[in-house]
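Novice: Chain E is already provided as a structure; the job is to place chain F on it using the hints.
2 protein chains.
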Amino acid sequence: MGADGYKKLDRTLVHKGVVVSFYKEHMKLPNGNVADWDYIAHPGGAACLPVTKDGEVILVSQYRNSQDRITLEIPAGKKDGNEANEVTALRELEEETGYRADKITHLTDTIPAVGYSDEVLGLFYADNLIESKQNLDEDEKIDLVKIPLRKAVDMCVSGEIIDSKTVTAILMYAFTVAKITY
Amino acid sequence: MGADGYKKLDRTLVHKGVVVSFYKEHMKLPNGNVADWDYIAHPGGAACLPVTKDGEVILVSQYRNSQDRITLEIPAGKKDGNEANEVTALRELEEETGYRADKITHLTDTIPAVGYSDEVLGLFYADNLIESKQNLDEDEKIDLVKIPLRKAVDMCVSGEIIDSKTVTAILMYAFTVAKITY
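Going line by line, the protein sequences match chains E and F.
Residue 75 in the working numbering sits at position 75 of the first sequence, with consecutive numbering throughout.
Residue 330 in the working numbering sits at position 148 of the second sequence, with consecutive numbering throughout.
The following block holds chain E by itself, in its conformation from the complex:
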């Protein structure tokens, strides 16, 4: 018997995608009913909010097919095998922004889409950036944007920054680490 009276009867792969895969589950519910539930499997990942010594955050601007629009996000990526979240976050930071860091600090973990995806992302910040070299995948096209922290908070409130991991990292860093007042 699983948590809280739920019991997984079976889980079947129905489509293996490029990054995520679709499974179908049969769950026995606490009331005895059996339900079909969706389950998206994701390799997990990590993201890092880069903060310059001048108090600006560095965001990546990129096209996202899921929304058919360009979004502003913190550098992020999926895990390579079983690597630690810190390793993923440091790699993506350097590849996407051209800054590296000797040390990153954990903010929190986040479950982006708890209703259907097993994805968990580790969220970090780095405020001791060292200039390095951007190193994008052949298929990536990314522009960098530097925004003062307080303005980035305003852009989360106004909806100009709308990506969940990015908003979580900016708000948590701004109010609980940098302790800005609003």
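Chain E is faced by these chain F residues, among others (derived, beta-carbon under 10 Å):
id	residue
1	Leu211
2	Asn213
3	Asp325
4	Cys338
5	Ile344
Only pairs whose alpha carbons sit at most 20 Å apart, straight line, appear in this in silico SDA-like list of lysine to any residue:
id	chain 1	residue 1	chain 2	residue 2
6	E	Lys24	F	Glu322
7	F	Lys261	F	Gln316
8	E	Lys141	F	Val216
9	E	Lys141	F	Leu211
10	E	Lys78	E	Val120
11	F	Lys206	F	Asp300
12	F	Lys261	F	Glu322
13	E	Lys16	F	Tyr205
The calculated label-pair distances, taken between Cβ atoms and stated as ranges, are:
id	chain 1	residue 1	chain 2	residue 2	range
14	E	Val18	F	Gly187	17 to 25 Å
15	E	Lys78	F	Ile312	38 to 46 Å
16	F	Gly263	E	Lys78	28 to 36 Å
17	F	Thr234	E	Lys7	29 to 37 Å
18	F	Asn317	E	Lys28	17 to 25 Å
19	E	Val18	F	Gln316	36 to 44 Å
20	E	Val87	F	Ala360	35 to 43 Å
21	F	Ser314	E	Val87	42 to 50 Å
22	E	Lys78	F	Lys189	23 to 31 Å
23	F	Leu318	E	Asp102	45 to 53 Å
These aren't lab readings, by the way, just hints derived from the structure by calculation.
Quick caveat: nothing in here was measured; it's all calculated off a predicted structure.
Glycine included, C-beta positions come from ideal geometry on N, C-alpha and C.
Specialist: Chain F in isolation, oriented as in the chain E frame:
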């Protein structure tokens, strides 16, 4: 030609799930390469942070198969057809918590999983709650938890609250509406 030099060549349904469906896309990239990309279609939804007159937030505790664990979340649900976000948010608030509200206030919208899902959630808060009656779906099993706002912020920072929409709503409400200091 789509945004920023990307062009969608085709999108094909590979599996229709209970709530979300899996599509496969062929995209022409700015560098001329053609890539397979995943695309999860979701009906969209809304969520509402309920705040009592005593400054407590009301969260729902429920089992989530995607994580095989119980999570603390604000009441949320998917849209019924083309209804407005406010309608979804007000309905889910009342059904899941047993409180209704005459008025809710928009906080922001959020894209939970921009890498693969088209989901957009409208986030609201309600601080003028009126006692009503919980009205769960037959298959829902939900416990209610009331937590002082400042403690809820602490639980976001510590990772006890980890669901992305819930953390976004609590942090944005606490720091930009209630203007707590940390």
